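Participant: Given chain A, work out where chains B and C should sit, using these hints.
Residue numbers (the numbering used here), protein chains in the order written: chain A, 1 to 155; chain B, 156 to 352; chain C, 353 to 719.
No lab work stands behind these hints: they were computed from the structure.
Heads up, some of the hints might be wrong.
[To be verified] With beta-carbon atoms standing in for the labels, derived distance ranges:
1) C:Glu711 - B:Ala328: 53 to 63 Å
2) B:Gly336 - A:Arg30: 26 to 36 Å
3) C:Leu374 - B:Ile289: 45 to 55 Å
4) A:Gln58 - B:Tyr180: 19 to 29 Å
[To be verified] No farther apart than 20 Å at their CA atoms in a straight line, the calculated lysine to aspartate or glutamate pairs in the DMTMM-like style are these:
5) C:Lys631 - A:Glu70
6) A:Lys31 - B:Glu158
7) C:Lys408 - B:Glu255
8) C:Lys467 - B:Glu247
9) C:Lys395 - C:Asp379
10) B:Lys191 - A:Asp34
11) C:Lys504 - C:Glu527
12) C:Lys701 - C:Asp673
13) C:Lys465 - B:Glu251
14) C:Lys465 - C:Asp379
[What the hints assert, rightly or not] Negatives, chain A to chain C, calculated, CB over 10 Å:
15) Thr20
16) Gly26
17) Thr27
18) Ala46
19) Ala54
20) Tyr59
21) Glu70
22) Asp83
23) Gly87
24) Glu100
25) Ser137
26) Tyr138
27) Ala152
These numbers come from a predicted model, not from an experiment.
Beta carbons are placed, not taken as given, at the ideal position from N, Cα and C, and that holds for glycine.
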Amino acid sequence: MKQTPGYDAIQRQMAPGVITLEGFLGTDNRKLIDILNADDATVRRAEVTHQQIAERMQYFRDIGLDGLGEFMGVDDHFDVRVDSVRGKLPSPFGGPGMYEKVNTTVVNKRLGREVVYTDLHIHFVRDHGFYEGKGSSYRLEPEDLIAILEVAPAT
Amino acid sequence: MSEFLFPLAVFFAAIFTNNILLTNYLGMCSFLSVSKELETSAGLGIAVTFVLAVTTAINWVVYHFLLVPFQLEYLRFIVFIIVIAAFVQLIEMVIERYSEGLYFALGIFLPLITVNCAILGVSLFMVIREYSFITSFFFGLGSGLGWLLAILAMAGIRQRLRTAKIPPGLEGAGIALVIAGFMAMAFMGFTGMINIS
Amino acid sequence: MIATLLISVLIITLIAVVLALLMVIADATVGNYGVVKITINDKKELEVLGGQPLLKALNNEGVFIPSACGGRGSCGLCKVQVLEGGGNYLPTELPWISEEERSDNIRLSCQFKVKNDVAIKIPEELFSVRQFTTTVESIRDLTHDIKEVRLKLEDPPEIEMKAGQFIQFQVPEYELTDEPVYRAYSMASVPSDTNHIELEIRLVPNGICTTYVHKHLKEGDTVMVNGPYGEFFLRDTDRDIICIAGGSGMAPLKSILLDMAEHESPRTARYFFGARTGKDLFLLDEMKELEERMKDFKFIPALSEPQPEDNWTGETGLITDVVKRMAENASEAEAYLCGSPGMIDACVKVLKELGMPEERIYFDKFA
Chain A
1 MKQTPGYDAI QRQMAPGVIT LEGFLGTDNR KLIDILNADD ATVRRAEVTH
51 QQIAERMQYF RDIGLDGLGE FMGVDDHFDV RVDSVRGKLP SPFGGPGMYE
101 KVNTTVVNKR LGREVVYTDL HIHFVRDHGF YEGKGSSYRL EPEDLIAILE
151 VAPAT
Chain B
156 MSEFLFPLAV FFAAIFTNNI LLTNYLGMCS FLSVSKELET SAGLGIAVTF
206 VLAVTTAINW VVYHFLLVPF QLEYLRFIVF IIVIAAFVQL IEMVIERYSE
256 GLYFALGIFL PLITVNCAIL GVSLFMVIRE YSFITSFFFG LGSGLGWLLA
306 ILAMAGIRQR LRTAKIPPGL EGAGIALVIA GFMAMAFMGF TGMINIS
Chain C
353 MIATLLISVL IITLIAVVLA LLMVIADATV GNYGVVKITI NDKKELEVLG
403 GQPLLKALNN EGVFIPSACG GRGSCGLCKV QVLEGGGNYL PTELPWISEE
453 ERSDNIRLSC QFKVKNDVAI KIPEELFSVR QFTTTVESIR DLTHDIKEVR
503 LKLEDPPEIE MKAGQFIQFQ VPEYELTDEP VYRAYSMASV PSDTNHIELE
553 IRLVPNGICT TYVHKHLKEG DTVMVNGPYG EFFLRDTDRD IICIAGGSGM
603 APLKSILLDM AEHESPRTAR YFFGARTGKD LFLLDEMKEL EERMKDFKFI
653 PALSEPQPED NWTGETGLIT DVVKRMAENA SEAEAYLCGS PGMIDACVKV
703 LKELGMPEER IYFDKFA
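Bound conformation, chain A alone (with noise of 0.2 Å):
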């Protein structure tokens, strides 16, 4: 589908090399727009929202600070580590606000399952609805977060 040219800006800005060296979206040669859309839709097709899931993602990332790079339990059966270096990186959403190049390592043992993000991830997820394009190494799948964060369906 068409997007506006403020779509169009935004996606050069998830170019390899303007902010990360791979960039956000890998080998998607879809539009903006449209993997928005598609995940938006998976999304919902699971009863939960974007909100819901950064909330769980911010939720891990917090407790797991105090762990000051090392793993550490949360809630009986994840493990949780948190590492970070120095710098921040701008949102290629534009808009203020840098982001901390935090790392955030989720194991849930019950399923044998881990997730890595970051920072700023959680701020794509949570304002933007936005998951990475596919073939990505960051590449979250919504079902995947959902699973292995266990993001509860609202009630």
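Facilitator: Same frame as chain A, but now just chains B and C:
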């Protein structure tokens, strides 16, 4: 109808009962694409209104003082498009200078006003219905306001739609067209209320 | 027949010409901003092409306003006070400008476009920010993921800086990138070494600059940097100093400590260096040397996960725990911190618990 009332009748008809978009189905593409955001829709709607009002007036002058005397009425399609294109270019420059936010948000849709069939359509209707200068101006202004009304209504509805559950496959353009259809059906109820030929 | 043809062509041409003329006039008036004048701090005057962002116009004339996001409006660092000629705020500026700043006419210079003559006010220190052409003199590995890069200044050949400040390193296009990118790094060199800039750069996965430095940069390469920037430098008091940093965070602290040694500062200093295992330690000899040179300096490394092969006899545990049990006189001292945001937050908490007021805790805010 009296001389004074006719332009007013045309004005109100163009907004409500003979809405250029919902009754004549002209100007759909930017209507569907831009109506996602309420503020951008308002901006585009106002720009379209301005272009419609002024180009209809200019086209009337060009038609009656340049084309008709030389019996070149058949050239009106080309000439009207040229006038509209030039005028939209002017508007683009002015918007870029005085409201960068709007310029950035509208982007490609601003020059696309040129090929918005509603603009050409209104000028052609004016010729077919043989409107006077005053009537033409009010017709153009009214059509623009009608288009603005339609796009604002659509934007408002689509904003509500964000939290609604849409059947897969109808998301995006699909549901928008269905809604446009419903709106057009509602406006069909107005048919024949005001005679503006 | 021919007459009709000719007349129709003539009429269309006439209309087209009239409209084209209108376009030209409009372009020359509405679209053109001409040359505008920027007056800085009432003393410097620049003539620049109108219509471009203030940040860019100033950069082109050699006046560098700090920016971490390359002019995208994301970092809020490029604020400039526009005394005259401002005009309305753009929607992209408003999230960054507080009420107080609005009454002072503070603008975000990467978004604010110069369309007419303006008078602006910038901090005096920014006048001493320069762009330097440098050559890479040496690159050596400090640890498995930190490289020390020493740059020789070519043009201009000298830099005037305070120990603890940082520069912006320009990464040229390479591999997948197609425009230069800037990243900030603290200087590890001393102010007295005016011909050199020394940086400690740690490899970050998916990082544009660090990947460039670790995989592509070679001795002899030309590197553009600009600076110096930053509010992180030693305060001129008599207080004891507590430094906490790990990894490449050592850079500004090394600069500060070396500078203190050169000036024979009598101040007491402790440097708590946190790392995970033995292979993350570096520059141990230099630290030992500083301990001998300075009046009262101790380097206290702590490993959180010492491996058996390290044969570690020093402090162990998280750096915050080590600081908690070993810091003396914290309520009267000053602290200089450098590291990841998580580490800094944790250290600030510990220092406050030890009685240090927050105004005396200094850390680099760009990171």
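Participant: Now tell me, hint by hint, if it's right for this structure.
Facilitator: Checked hints:
A C-beta distance of roughly 58 Å is found between C:Glu711 and B:Ala328, which places it inside the suggested range of 53 to 63 Å. Under the hint 26 to 36 Å, the C-beta atoms of B:Gly336 and A:Arg30, about 28 Å apart, fit the expected range. Under the hint 45 to 55 Å, the C-beta atoms of C:Leu374 and B:Ile289, about 24 Å apart, miss the expected range. For the pair A:Gln58 and B:Tyr180, the beta carbons lie near 47 Å from each other, so the given range of 19 to 29 Å is not met.
Between C:Lys631 and A:Glu70 the alpha-carbon distance is near 17 Å, which keeps this suggested pair within the 20 Å criterion. Our distance criterion of 20 Å between C-alpha atoms is broken by A:Lys31 and B:Glu158, whose separation comes to about 54 Å. For the suggested pair C:Lys408 and B:Glu255, the alpha carbons sit about 17 Å apart, so the restraint of at most 20 Å is met. Distance hint between C:Lys467 and B:Glu247 is fulfilled; the C-alpha atoms sit about 17 Å from each other, no more than 20 Å.
Our distance criterion of 20 Å between C-alpha atoms is broken by C:Lys395 and C:Asp379, whose separation comes to about 34 Å. Of the supplied pair hints, the one linking B:Lys191 and A:Asp34 holds, its CA atoms being roughly 14 Å apart against a limit of 20 Å. For the proposed pair C:Lys504 and C:Glu527, the alpha carbon gap of about 26 Å is over 20 Å, so the pair is violated. For the proposed pair C:Lys701 and C:Asp673, the alpha carbon gap of about 11 Å is at most 20 Å, so the pair holds.
Simply put, C:Lys465 and B:Glu251 have alpha-carbon atoms about 12 Å apart, close enough for the 20 Å limit, and the pair holds. With a C-alpha separation of about 18 Å, the suggested pair C:Lys465 and C:Asp379 falls inside the 20 Å cut-off, and the hint holds. A Cβ of chain C approaches the Cβ of A:Thr20 within 10 Å, the least distance being about 5 Å, so the stated non-interface status is violated. The Cβ of A:Gly26 lies farther than 10 Å from every Cβ of chain C, with a closest approach of about 12 Å, so its non-interface assignment holds.
With a least CB separation of 13 Å from chain C, A:Thr27 remains clear of the 10 Å interface cut-off, as annotated. No Cβ of chain C comes within 10 Å of the Cβ of A:Ala46; the nearest lies about 28 Å off, and the non-interface call holds. The beta carbon of A:Ala54 is kept farther than 10 Å from every beta carbon of chain C, the shortest such distance being approximately 19 Å. No beta-carbon of chain C is positioned within 10 Å of the beta-carbon of A:Tyr59; the least distance is around 16 Å.
Interface exclusion of A:Glu70 from chain C breaks down, the closest Cβ pair being 7 Å apart, not more than 10 Å. In this structure A:Asp83 is not separated from chain C by more than 10 Å, as the shortest Cβ-Cβ distance comes to only about 8 Å. Remark: the non-interface label on A:Gly87 conflicts with the geometry, its nearest Cβ contact in chain C lying 6 Å away (cut-off 10 Å). Not every Cβ of chain C is farther than 10 Å from the Cβ of A:Glu100; the closest lies at roughly 5 Å, contradicting the non-interface assignment.
With a closest Cβ-Cβ approach of about 8 Å to chain C, A:Ser137 is found to fall inside the 10 Å limit, against its non-interface label. Against chain C, the non-interface label of A:Tyr138 is violated: not every CB pair exceeds 10 Å, the least being about 8 Å. With a minimum CB-CB distance of about 28 Å to chain C, A:Ala152 clears the 10 Å threshold, and the non-interface call stands.
Of the numbered hints listed earlier, those contradicted by the structure are 3, 4, 6, 9, 11, 15, 21, 22, 23, 24, 25 and 26.
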